[in-house]
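Assemble the complex: chain A is given as a structure, and chain B must be docked to it using the hints.
There are 2 protein chains.
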Amino acid sequence: MSEKRKRRGKRAKSTISWINTPFQQLKNPKPPTEWCSPAELDILHDGSMEILENTGIDFMDPAALALWEKAGAKVDHSAQHVWIDRGLLLELVAKAPSEFTWHARNPAYNIVVGGNNINITPNSGMPYVSDLDNGRRTSTLADFTNFVKLAHSVPLFHMTGGPFCEPQDVRNSLRHLHRNQTMVLNTDRCIRDVAHGPIITTDVIKMMQIVFGKDLPGAVTGGVINVNSPLRFDQRMLGGLMTNAKYGQVSLITPFIMAGAMSPVSIASALAQQNAEALAGIALAQLVKPGSPVIYGGFTQNVDMRSGSPAFGGPEGAWALLVGAQLARRYGVPYRASGSLTNSKTPDAQAAYETMWTMWPAIMAHTNFIAHGVGWLEAGLVASFEKFIIDLENVAMFTHYLKGFKIDRESLVLDEIHNVGSGGHHFGTDHTMANYDNTFYEPVLSDRLGYEPWVANGSEDALVRANKIWKQLLKSHERPALDIAIEEELADFVTRRERELEGIDLYG
Amino acid sequence: MSEKRKRRGKRAKSTISWINTPFQQLKNPKPPTEWCSPAELDILHDGSMEILENTGIDFMDPAALALWEKAGAKVDHSAQHVWIDRGLLLELVAKAPSEFTWHARNPAYNIVVGGNNINITPNSGMPYVSDLDNGRRTSTLADFTNFVKLAHSVPLFHMTGGPFCEPQDVRNSLRHLHRNQTMVLNTDRCIRDVAHGPIITTDVIKMMQIVFGKDLPGAVTGGVINVNSPLRFDQRMLGGLMTNAKYGQVSLITPFIMAGAMSPVSIASALAQQNAEALAGIALAQLVKPGSPVIYGGFTQNVDMRSGSPAFGGPEGAWALLVGAQLARRYGVPYRASGSLTNSKTPDAQAAYETMWTMWPAIMAHTNFIAHGVGWLEAGLVASFEKFIIDLENVAMFTHYLKGFKIDRESLVLDEIHNVGSGGHHFGTDHTMANYDNTFYEPVLSDRLGYEPWVANGSEDALVRANKIWKQLLKSHERPALDIAIEEELADFVTRRERELEGIDLYG
Numbered sequence: 001m002s003e004k005r006k007r008r009g010k011r012a013k014s015t016i017s018w019i020n021t022p023f024q025q026l027k028n029p030k031p032p033t034e035w036c037s038p039a040e041l042d043i044l045h046d047g048s049m050e051i052l053e054n055t056g057i058d059f060m061d062p063a064a065l066a067l068w069e070k071a072g073a074k075v076d077h078s079a080q081h082v083w084i085d086r087g088l089l090l091e092l093v094a095k096a097p098s099e100f101t102w103h104a105r106n107p108a109y110n111i112v113v114g115g116n117n118i119n120i121t122p123n124s125g126m127p128y129v130s131d132l133d134n135g136r137r138t139s140t141l142a143d144f145t146n147f148v149k150l151a152h153s154v155p156l157f158h159m160t161g162g163p164f165c166e167p168q169d170v171r172n173s174l175r176h177l178h179r180n181q182t183m184v185l186n187t188d189r190c191i192r193d194v195a196h197g198p199i200i201t202t203d204v205i206k207m208m209q210i211v212f213g214k215d216l217p218g219a220v221t222g223g224v225i226n227v228n229s230p231l232r233f234d235q236r237m238l239g240g241l242m243t244n245a246k247y248g249q250v251s252l253i254t255p256f257i258m259a260g261a262m263s264p265v266s267i268a269s270a271l272a273q274q275n276a277e278a279l280a281g282i283a284l285a286q287l288v289k290p291g292s293p294v295i296y297g298g299f300t301q302n303v304d305m306r307s308g309s310p311a312f313g314g315p316e317g318a319w320a321l322l323v324g325a326q327l328a329r330r331y332g333v334p335y336r337a338s339g340s341l342t343n344s345k346t347p348d349a350q351a352a353y354e355t356m357w358t359m360w361p362a363i364m365a366h367t368n369f370i371a372h373g374v375g376w377l378e379a380g381l382v383a384s385f386e387k388f389i390i391d392l393e394n395v396a397m398f399t400h401y402l403k404g405f406k407i408d409r410e411s412l413v414l415d416e417i418h419n420v421g422s423g424g425h426h427f428g429t430d431h432t433m434a435n436y437d438n439t440f441y442e443p444v445l446s447d448r449l450g451y452e453p454w455v456a457n458g459s460e461d462a463l464v465r466a467n468k469i470w471k472q473l474l475k476s477h478e479r480p481a482l483d484i485a486i487e488e489e490l491a492d493f494v495t496r497r498e499r500e501l502e503g504i505d506l507y508g
Numbered sequence: 001m002s003e004k005r006k007r008r009g010k011r012a013k014s015t016i017s018w019i020n021t022p023f024q025q026l027k028n029p030k031p032p033t034e035w036c037s038p039a040e041l042d043i044l045h046d047g048s049m050e051i052l053e054n055t056g057i058d059f060m061d062p063a064a065l066a067l068w069e070k071a072g073a074k075v076d077h078s079a080q081h082v083w084i085d086r087g088l089l090l091e092l093v094a095k096a097p098s099e100f101t102w103h104a105r106n107p108a109y110n111i112v113v114g115g116n117n118i119n120i121t122p123n124s125g126m127p128y129v130s131d132l133d134n135g136r137r138t139s140t141l142a143d144f145t146n147f148v149k150l151a152h153s154v155p156l157f158h159m160t161g162g163p164f165c166e167p168q169d170v171r172n173s174l175r176h177l178h179r180n181q182t183m184v185l186n187t188d189r190c191i192r193d194v195a196h197g198p199i200i201t202t203d204v205i206k207m208m209q210i211v212f213g214k215d216l217p218g219a220v221t222g223g224v225i226n227v228n229s230p231l232r233f234d235q236r237m238l239g240g241l242m243t244n245a246k247y248g249q250v251s252l253i254t255p256f257i258m259a260g261a262m263s264p265v266s267i268a269s270a271l272a273q274q275n276a277e278a279l280a281g282i283a284l285a286q287l288v289k290p291g292s293p294v295i296y297g298g299f300t301q302n303v304d305m306r307s308g309s310p311a312f313g314g315p316e317g318a319w320a321l322l323v324g325a326q327l328a329r330r331y332g333v334p335y336r337a338s339g340s341l342t343n344s345k346t347p348d349a350q351a352a353y354e355t356m357w358t359m360w361p362a363i364m365a366h367t368n369f370i371a372h373g374v375g376w377l378e379a380g381l382v383a384s385f386e387k388f389i390i391d392l393e394n395v396a397m398f399t400h401y402l403k404g405f406k407i408d409r410e411s412l413v414l415d416e417i418h419n420v421g422s423g424g425h426h427f428g429t430d431h432t433m434a435n436y437d438n439t440f441y442e443p444v445l446s447d448r449l450g451y452e453p454w455v456a457n458g459s460e461d462a463l464v465r466a467n468k469i470w471k472q473l474l475k476s477h478e479r480p481a482l483d484i485a486i487e488e489e490l491a492d493f494v495t496r497r498e499r500e501l502e503g504i505d506l507y508g
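Protein chains in written order, with our numbering: chain A, 1 to 508; chain B, 1 to 508.
FYI, nobody ran anything at the bench for these hints, they're computed from the structure. Incorrect hints may appear among the rest.
Interface residues of chain A toward chain B, partial, derived using beta-carbon atoms under 10 angstroms [unchecked claim]:
(1) Ala-39
(2) Ile-43
(3) Tyr-128
(4) Pro-230
(5) Gly-260
(6) Gln-273
(7) Gly-308
(8) Met-397
(9) Thr-399
(10) Leu-414
(11) His-426
(12) Asp-447
(13) Arg-465
Only part of the chain A face toward chain B is listed, based on derived beta-carbon distances under 8 angstroms [as the list claims (entries may be wrong)]:
(14) Asp-76
(15) Ser-266
(16) Trp-319
(17) Glu-354
(18) Leu-412
(19) Ala-462
(20) Leu-463
Treat the numbers as computed from the prediction; the structure is a model and nothing was measured. For every residue, glycine included, the Cβ atom is placed at its ideal position computed from N, Cα and C.
For reference, chain A alone in the conformation it holds in the complex:
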């Protein structure tokens, strides 16, 4: 009994059980859920090859066009357009690694991207943030910093840095400097940023060289390369892709397709187009540097035909996510999809169920890189601190779920069943006392009290409780150790580049 009290006493130190979950590479031990048949996958593959061969695709950068021409593709320089034969394309795609290590500043937090490894990463790119205290507002560097700290405070994320939200109080062309500096200071786990053109992307890589050494150990950063669908890679994205490939850094090549707007009103058609676009980008990265790490990104949904908005968190997105994973596996490249997608303007029931319509398929599909695993609101325009917590409860539950449970003779504890017999109960048995504390998932946000105690506690709904939890979590953040020389060199770099970029608009 004193043993028991001691254990309880220990746990009381942190009521947020997430903090005590060990960092681990998450794997889905079960076969992936496959939505379409091999024959259907062939149809999608063939269609996408025909698109690249007959319709072609824009690469709006002379350097990219030159690479394609040299490789033997048909290039129209004035139209910035390329037609790619399947032979050439598949030869290039085959050079991409099927899995790779993404290195963290602390190697204990390295992750493997590919295979049946699942990596869950937080929200990125939101221009607004919201919380219950201050409502919806333009996001700042302080908000960004808080998100880094929140992500770092729980070992459930496989990546604790990324462009969580736009630090809009910093000039556009300087934001990457402050994001990366903030990330390095506040977390020693895997990070990434944007890949917006060669200048920003090179800056990011130079900052990583300060942290990891001039000879990078492999992939240490990367960025999403959105295809400007239909069938166009713009110059900014190509600059990012080619710079990352050159330095062996990661491009998450993600066609941005809303069926009905960027593709025909047909999920099959959207997927064929997605496949053409993603593979074309993957192939270009291999043209720049064979073997450079890439991730096949799926972000195909439909347009809601009444509102004109993207339809996040529904059946169409779930199908596209599952089939996208099958396509990526067909080509032996890691797969990226999303997590917390929703159209809801507030962290209500809609926000929660729409998120589950993406998270469940993402887990079932063995998604190697789940972007936006938490935090979405409002079709990705708002990063919500409360939604971050609501989604994190589900990330924690999926982490527990994927670990599975033991089924062997011993786990049946037939003696216990026999001893308690018919009509009894198992409260307080030795077996229960020895196991109750560490067997089942222990929720942080979910309230399992009865009605009366819940009312006595203030009738708080999930939103109100989430507000308290993120503040508590934020307080628990501790800066990981960092060599003072690195910290100073980073600060010098930021200062120098701020000066050099004065008056220059990299997004002009």
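Relative to the frame of chain A, chain B by itself:
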């Protein structure tokens, strides 16, 4: 364009697209998700056989004990306890039909239970109801009637009758009469009720004989037979089971196991015990009448060790649901699980995500009978009108999801992709105009507007919108035609039985 306006005009008649969804037998076209290996399933099977052979199980009814004794099981009459050999047990279980038809008053609404058929049914058994206008309160016959009408108003449910909520303004022993009368008057689709002892169950069957004729066409009603876990069938449940079996009506045999309370702290142990209990009940039904329709029910969760409450909507419940389906398939009997389980006290984000933690596994597992598909709050104590709508949006999405989408050459519409080319858009093309209206799921509850129009509409969250929708849906209810002779005979039956049961307490 006038064509288009006409179509839009038509749709404007009902803004609730659910109403226009055709009634259909839902099937999961994909293989079921299997959580455990065949070897692990063997371990669970063997464990459950040992429980029945060595530990045994209570059957607290002399008639049931006599049946077991006659069949050759070892019976202790004074302890009301039975030990069942696996040979006898499996021989009996093999007599249960692997699938059967559940007949509706209107045969167009008959359903098939078993195989890869999924049937979604609404909430049942709640002592309280809640809605945004009147809050949480004791439920009444008027509430019950409203739930019947709501369920009947959308063709997405496979069963539109059941003990939605307790009509507490009617005396306990008379409620079944009023429930069944109300159901027959307000819906012509499949219904069920409780199976609380022989008198109530016989009354229910007699009422069905008035509706379907003395010779019932097969299964037309049924009830949940909860095992009083651990290892006890009480007399009330046995009376219901044996009466239903005698008349060829359905028993949904559902062990009520919260691991840590009714079983050891081990999901494997809980599942072995669940299997022993469910199979013992299935076997007894076959002893009463070989071939009588039964459903293997899974309702295994864990106890939350902090609050002592059942833990609904989490990883443990998801595992148990998936493995329960594998066990039911092993014995070739239909499977029942649940849908909208949650511990939340209000239809918030927690209520929504916990529900998804049961609905996703239920769909993936090919659950043949999803009980409580909508409406749960507060661990099943409250039937919420708003949650009914929130969950119904998800039922509609799963219905759309399971229908799948076409992947063939034609569906790729490569010509469209070619004609729009790079950097264009598909709004307004002939293909888009011809297909935008009927291809994608059209939500009813989910709001996909941008922030400003959402604010202009009153910043309504899902809860507020759900409140409007259930009222609108309720108004759309129309009584299906019913032979006046049947209506009168039912009324006479109710009046007569009310008189006969005066002063008698069937729950005493």
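Structure-based check of all given hints:
1. For the restraint placing Ala-39(A) at the interface with chain B, the shortest Cβ-Cβ distance is roughly 9 angstroms, inside the 10 angstroms limit, so the hint holds.
2. The restraint placing Ile-43(A) at the interface with chain B holds, with a minimum CB-CB distance near 6 angstroms, inside the 10 angstroms limit.
3. Checking Tyr-128(A) against chain B by beta carbon gives a least distance of about 9 angstroms; that is within 10 angstroms, so the hint holds.
4. Checking Pro-230(A) against chain B: minimum C-beta separation of about 6 angstroms stays under 10 angstroms; hint holds.
5. Hint on Gly-260(A) holds. Least Cβ distance to chain B is approximately 6 angstroms, under the 10 angstroms limit.
6. With 10 angstroms as the threshold, the beta carbon of Gln-273(A) comes within range of chain B, its nearest partner Cβ sitting at about 6 angstroms, so the hint holds.
7. At about 8 angstroms, the closest approach between the beta carbon of Gly-308(A) and any beta carbon in chain B falls short of 10 angstroms, and the interface hint on this residue holds.
8. At about 5 angstroms, the closest approach between the beta carbon of Met-397(A) and any beta carbon in chain B falls short of 10 angstroms, and the interface hint on this residue holds.
9. Residue-level restraint check for Thr-399(A) holds (minimum Cβ-Cβ distance to chain B is 9 angstroms; threshold 10 angstroms).
10. Nearest Cβ of chain B to the Cβ of Leu-414(A): about 6 angstroms, under the 10 angstroms cut. The hint holds.
11. For His-426(A), the suggested interface contact is upheld, since its CB lies about 6 angstroms from the closest CB of chain B, less than 10 angstroms.
12. About 7 angstroms separates the beta-carbon of Asp-447(A) from the nearest beta-carbon of chain B, less than 10 angstroms, and the hint is met.
13. For Arg-465(A), the interface hint holds, since its Cβ comes within 10 angstroms of a Cβ in chain B; the closest pair sits about 8 angstroms apart.
14. The beta carbon of Asp-76(A) comes no nearer than 11 angstroms to any beta carbon in chain B, farther than 8 angstroms, and the hint placing it at the interface is violated.
15. With a least beta-carbon distance of about 5 angstroms to chain B, the hint placing Ser-266(A) at the interface is held under the 8 angstroms criterion.
16. Checking Trp-319(A) against chain B by beta carbon gives a least distance of about 6 angstroms; that is within 8 angstroms, so the hint holds.
17. For the restraint placing Glu-354(A) at the interface with chain B, the shortest Cβ-Cβ distance is roughly 7 angstroms, inside the 8 angstroms limit, so the hint holds.
18. Interface hint status for Leu-412(A): upheld, as the beta-carbon distance to the closest one in chain B is roughly 4 angstroms, under 8 angstroms.
19. Because the closest C-beta pair between Ala-462(A) and chain B is about 4 angstroms apart, less than 8 angstroms, the hint holds.
20. A cut of 8 angstroms between beta carbons decides the hint on Leu-463(A): the least distance to chain B is about 7 angstroms, and the hint holds.
Checked against the numbered hints given earlier, the structure breaks only hint 14 and satisfies all the rest.
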